[in-house]
Amino acid sequence: MDYENSDGEAGPVLPTAIKVLVAGGFGVGKTTLVGSVSETQPLRTEEVLTERGVGVDDLSGVEGKHTTTVAMDFGRISFGEDLVLYLFGTPGQDRFWFVWDELALGALGAVVLADTRRLADSFPSIDYFERNRVPFIVAVNCFEGARQYSLDDVQLALNLDPEVPVMLCDARDRESSKEVLIALLQHVMRGRGTRRESQPARS
Amino acid sequence: MPGAEPLWIDDEAGPLVRPYAMTGGRARPRNGFNVISLVLAMQQAPPLEVGLTPEHLHIVNLCQRPLALAEVSAHLRLPLGTVRVLLDDLLARGLVRVSEPQPPASLPDNHIFEALINGLRKL
Chain H
1 MDYENSDGEA GPVLPTAIKV LVAGGFGVGK TTLVGSVSET QPLRTEEVLT ERGVGVDDLS
61 GVEGKHTTTV AMDFGRISFG EDLVLYLFGT PGQDRFWFVW DELALGALGA VVLADTRRLA
121 DSFPSIDYFE RNRVPFIVAV NCFEGARQYS LDDVQLALNL DPEVPVMLCD ARDRESSKEV
181 LIALLQHVMR GRGTRRESQP ARS
Chain L
1001 MPGAEPLWID DEAGPLVRPY AMTGGRARPR NGFNVISLVL AMQQAPPLEV GLTPEHLHIV
1061 NLCQRPLALA EVSAHLRLPL GTVRVLLDDL LARGLVRVSE PQPPASLPDN HIFEALINGL
1121 RKL
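If you read the protein sequences in the order shown, they are chains H and L.
Once you know that position 2 of the first sequence is 2 in my numbering, the rest is easy, because the numbers rise by one and skip nothing.
Add 1000 to the 1-based position in the second sequence for my numbering, that's all there is to it.
Chain L with its partners taken away, still in its complex shape:
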């Protein structure tokens, strides 16, 4: 909308104060990561530091190899939305990297399809 100043301080802008703890409260994640977005830890889990819960550290430990958001959710037995919120925190601290999947329509050629078909045949 031309002329309209974006209003930053609203629900979508993210919290000014930490909105939740694992023990209570509710929050919306700022990201809408796909269930197959891959999460990779950028370092070993740090010792417990202010603001990080055991669940945060669990994610860092799990994602020493890349795991999909849904896998993290399954291993932690936490809903997808909760894991998305935890990922926001970890991203803000640079503790993980998250890679969104490439939309299939944008795949440049059939290379991936052929690799999947050949891979399945060899299973």
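If we strip away everything but chain H, and leave its shape as in the complex, we get:
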């Protein structure tokens, strides 16, 4: 395709764009986490789906009963001129798999936010990332008043692969959200090493 970036192309070099997904049940704090680390307030984009979930775009601007609008909140963190990290919250309604597929395409990895009062809400996200081989970590958002469980208990309750990191976080807190993203990046990096060497990573 003639519009793709390539080394020989004239003009300024575009930054490298990296995408990370933030998933989890409704109200678990996805947009809060995106907002706490992003350089601006979360932005909102949307996809219009037909009832069949096919990506046909209705440009009429008329709210037809045959279309559904799926909104996604996202944020951006720029690192200098040549690297941009985009954080996308997945749509709250897990039935919009078409949109999940679109978001997951080319994603570096995902954070599954979990609430210990409603752990089952994170099952669809975990299933999705396992099935589609998107590397992910689980971050337990510590809501006030929620009983504290050990991370081992959470790992067990979610039936996670022991390799999948589980950590505590406070999605409202910038430092805590940064730690979550760093943990995800480290996890993905470890996975890369393992795959390349085609043998178990030694620790």
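What the hints contain is simulated information worked out from the structure, not anything from laboratory work.
Treat the hints with caution; some may be incorrect.
[What the hints assert, rightly or not] Listed below are several chain L residues computed to face chain H (Cβ distance under 10 Å; list not exhaustive):
(1) 1036
(2) 1080
(3) 1097
These numbers come from a predicted model, not from an experiment.
By construction, the Cβ of each residue, glycine as well, lies at the ideal position given by its N, Cα and C atoms.
Using the hints, position chain L against chain H.
Below, chain L alone, put in the same frame as chain H:
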């Protein structure tokens, strides 16, 4: 399929006639740009010319610095699919350049990961 002649004149081949205007109709974009594909204007927005809507020009104005498809969609308050269709038009006129992201699996080394981790720590 060997022996089968590709049929060009179908829905996938793209329109023979402009299929839509911003005011009505529907269309499928020819591209499947990633939500983080970066859009960069190749020049200043031209004065209104035949076939370009204010939304087209808005994109050219916005993308004087690189913006992701999702950001363009958010700023214009238009769905992603609509923006993809508009980008088709702008690409055909050479008014923008779109750069698809590199798949993470194809990153040659851990340089990007280290840059992200260090960058986050410094935030």
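Cross-check of the supplied hints:
no. : hint : verdict
1   : 1036 : holds, 4 Å
2   : 1080 : holds, 5 Å
3   : 1097 : holds, 6 Å
In the structure shown, no violation is registered for any of the earlier numbered hints.
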